[in-house]
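There are 2 protein chains.
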Amino acid sequence: MADNPPIATTPEPPYYAVIFTSLRTAGDDGYGEMAQAMVALASQQPGFLGVESAREDVGITVSYWSDLDSIRDWKRQADHRLAQRLGRERWYQEYTVRIARVERAYAFAMDTEVPDGVLAGQE
Amino acid sequence: MADNPPIATTPEPPYYAVIFTSLRTAGDDGYGEMAQAMVALASQQPGFLGVESAREDVGITVSYWSDLDSIRDWKRQADHRLAQRLGRERWYQEYTVRIARVERAYAFAMDTEVPDGVLAGQE
Numbered sequence: 102m103a104d105n106p107p108i109a110t111t112p113e114p115p116y117y118a119v120i121f122t123s124l125r126t127a128g129d130d131g132y133g134e135m136a137q138a139m140v141a142l143a144s145q146q147p148g149f150l151g152v153e154s155a156r157e158d159v160g161i162t163v164s165y166w167s168d169l170d171s172i173r174d175w176k177r178q179a180d181h182r183l184a185q186r187l188g189r190e191r192w193y194q195e196y197t198v199r200i201a202r203v204e205r206a207y208a209f210a211m212d213t214e215v216p217d218g219v220l221a222g223q224e
Numbered sequence: 102m103a104d105n106p107p108i109a110t111t112p113e114p115p116y117y118a119v120i121f122t123s124l125r126t127a128g129d130d131g132y133g134e135m136a137q138a139m140v141a142l143a144s145q146q147p148g149f150l151g152v153e154s155a156r157e158d159v160g161i162t163v164s165y166w167s168d169l170d171s172i173r174d175w176k177r178q179a180d181h182r183l184a185q186r187l188g189r190e191r192w193y194q195e196y197t198v199r200i201a202r203v204e205r206a207y208a209f210a211m212d213t214e215v216p217d218g219v220l221a222g223q224e
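From first to last, the protein sequence lines stand for chains A and B. Last residue of the first sequence: number 224 in the working numbering, and the count goes up by one each step with no gaps. Last residue of the second sequence: number 224 in the working numbering, and the count goes up by one each step with no gaps.
Same shape as in the complex, but just chain A (with noise of 0.2 Å):
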């Protein structure tokens, strides 16, 4: 995750995330090599936006992504594929892969001013 803050900085809507909520298997069996490798090979996939990522009794990876194209072409991105396939002989109990258009969004920072009525305007 090197590179990617733990909460990712996106562009103003529309765009896609790709929310992945997983049950590992006992160990580590080269999990977590793979893990921070895939996610440093998606960041240099076309389209692909920010990352946010979190473990505990459930994992949780959302990545985000410009278009439906570039969801699909890091799907088949070979190496990839082959980490897909070992999640799926491996390390995943269960998985389950959601794919969704992002229509709005709103950031709260605790230092920054909220005027009145700018978080509610969001709703």
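Hints may contain errors.
Because identical chains share one entry, a pair is satisfied inside a single copy or across any pair of copies.
What the hints assert, rightly or not - Think about it this way: if two alpha-carbon atoms lie no more than 20 Å apart in a straight line, the pair counts; the simulated SDA-like pairs of lysine to any residue are:
no. : residue 1 : residue 2
1   : K176      : G151
2   : K176      : V140
3   : K176      : F209
4   : K176      : A127
5   : K176      : A206
6   : K176      : Y207
7   : K176      : R205
8   : K176      : A210
If you are wondering where the hints come from, they were derived from the structure by calculation, not from laboratory data.
Place chain B on chain A using the hints.
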């Protein structure tokens, strides 16, 4: 998260996702209790389909809803409004909310036979 499975069981798309990504302030300060209460309350709202949540460096909570009206009603729910205010005052250094329309979804489970081409056919 008592009754919510770690990976949400959602109907066939289309439906909506609210992707909430956050950086916490230091200390709990009532956060854990409120977070649990809000998940319980959200789960009772009309249109609620499920929720997934994990926190590491960053927290990611994705809630799923049948339509935009349900999301708007949940945003305006009184106790949730209070939690949002306390979130901005105390608990979150920073957050981003993204509202997205889930257009496609597919799932994998290790113990299930996945015939050749089923996952590929989703591309």
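A quick look at each hint next to the structure:
{"no.": "1", "hint": "K176 x G151", "result": "within (16 Å within a copy, 26 Å between copies)"}
{"no.": "2", "hint": "K176 x V140", "result": "within (13 Å within a copy, 32 Å between copies)"}
{"no.": "3", "hint": "K176 x F209", "result": "between (32 Å within a copy, 15 Å between copies)"}
{"no.": "4", "hint": "K176 x A127", "result": "neither (25 Å within a copy, 38 Å between copies)"}
{"no.": "5", "hint": "K176 x A206", "result": "between (25 Å within a copy, 14 Å between copies)"}
{"no.": "6", "hint": "K176 x Y207", "result": "between (28 Å within a copy, 13 Å between copies)"}
{"no.": "7", "hint": "K176 x R205", "result": "between (25 Å within a copy, 14 Å between copies)"}
{"no.": "8", "hint": "K176 x A210", "result": "between (33 Å within a copy, 19 Å between copies)"}
Of the numbered hints given earlier, the model fails hint 4 alone.
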